[in-house]
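Enquirer: Sequence:
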Amino acid sequence: MFKYEYKLNWAGEIYQGTLECENNEDSKREVKKKLKEIGVPKGKYIFVDIIRLDDNKIIVSEELWMA
1 MFKYEYKLNW
11 AGEIYQGTLE
21 CENNEDSKRE
31 VKKKLKEIGV
41 PKGKYIFVDI
51 IRLDDNKIIV
61 SEELWMA
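Sequential numbering of the sequence shown, starting at 1, is according to my numbering.
Hints were generated in silico from the structure; no laboratory data involved.
None of these values were measured; they are calculated from a predicted model.
It is possible that some hints are incorrect.
[As the list claims (entries may be wrong)] Straight-line distance between alpha carbons at most 27 Å, and here's what the computed DSS-like set of lysine-lysine pairs gives:
| no. | residue 1 | residue 2 |
| --- | --- | --- |
| 1 | K3 | K57 |
| 2 | K44 | K7 |
| 3 | K7 | K36 |
| 4 | K34 | K7 |
| 5 | K3 | K32 |
| 6 | K57 | K34 |
| 7 | K32 | K44 |
| 8 | K33 | K3 |
| 9 | K28 | K3 |
| 10 | K32 | K7 |
| 11 | K32 | K42 |
| 12 | K33 | K57 |
| 13 | K34 | K44 |
| 14 | K57 | K32 |
| 15 | K57 | K7 |
| 16 | K36 | K3 |
| 17 | K42 | K28 |
| 18 | K57 | K28 |
| 19 | K7 | K33 |
| 20 | K28 | K44 |
| 21 | K28 | K7 |
| 22 | K36 | K57 |
| 23 | K34 | K3 |
| 24 | K42 | K7 |
| 25 | K33 | K44 |
[Said to hold, decoys possible] Pair ranges (Cβ atoms, derived):
| no. | residue 1 | residue 2 | range |
| --- | --- | --- | --- |
| 26 | D55 | G12 | 26 to 32 Å |
| 27 | K57 | A11 | 24 to 30 Å |
| 28 | R29 | D55 | 16 to 22 Å |
| 29 | K42 | Q16 | 21 to 27 Å |
| 30 | K42 | M1 | 29 to 35 Å |
| 31 | P41 | M1 | 30 to 36 Å |
| 32 | K3 | G43 | 29 to 35 Å |
| 33 | S61 | E22 | 20 to 26 Å |
| 34 | G39 | L64 | 17 to 23 Å |
| 35 | D55 | Q16 | 15 to 21 Å |
| 36 | M1 | Y45 | 28 to 34 Å |
| 37 | L64 | M1 | 27 to 33 Å |
| 38 | D26 | N56 | 17 to 23 Å |
| 39 | G43 | E20 | 27 to 33 Å |
Glycine included, each C-beta is placed from N, C-alpha and C at the ideal position.
Construct all of the structure, not just a fragment, from the sequences and the given hints.
Expert: In structure tokens, the structure reads:
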């Protein structure tokens, strides 16, 4: 299991946290779930950053995702 840090920027509000996942794709899926948890309406856009903390590898950098 790898440890990841995520940062979500939606309408000037920053949400961040850490999670543990088996691979990069799992981390992306988990972050997409976070969009629903924080209440981003479907169809809205949000900036996403994901970093794997074990080796500081950038997985996603300032990508624009649609909720």
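Enquirer: For a C-alpha distance cap of 27 Å, please report whether K57 and K7 respect it.
Expert: holds, 14 Å
Enquirer: Just to be careful, I want the Cα atoms of K33 and K57 compared with a cutoff of 27 Å; is the pair within it?
Expert: Between K33 and K57 the Cα gap is close to 22 Å, so the pair holds against 27 Å.
Enquirer: Decide if the proposed pair is consistent with the structure: K44 and K7, CA atoms, cutoff 27 Å inclusive.
Expert: holds, 16 Å
Enquirer: Sort out whether K32 lies within 27 Å of K57, counting only the CA atoms.
Expert: Within the cut-off at roughly 19 Å; holds.
Enquirer: In this structure, is the beta-carbon distance linking K3 and G43 contained in 29 to 35 Å?
Expert: holds, 31 Å
Enquirer: Is the straight-line distance between the alpha-carbon of K32 and that of K44 27 Å or less?
Expert: holds, 13 Å
Enquirer: For the pair supplied as a hint, K28 and K3, confirm whether the alpha-carbon distance does not exceed 27 Å.
Expert: holds, 12 Å
Enquirer: What's the verdict on K3 and K57, does the C-alpha distance respect the 27 Å limit or exceed it?
Expert: holds, 11 Å
Enquirer: Taking only the CA atoms, is the gap from K42 to K28 under or equal to 27 Å?
Expert: Measuring from Cα to Cα gives roughly 17 Å; hence the hint holds.
Enquirer: CA of K28 to CA of K44, is that 27 Å or under?
Expert: holds, 17 Å
Enquirer: Hint says 17 to 23 Å; check whether the CB-CB distance for D26 and N56 agrees.
Expert: 18 Å Cβ-Cβ, so the 17 to 23 Å window holds.
Enquirer: Given the hinted pair K42 and K7, is their Cα-Cα distance within 27 Å?
Expert: holds, 19 Å
Comparing the model with each earlier hint shows no violations; every hint is respected.
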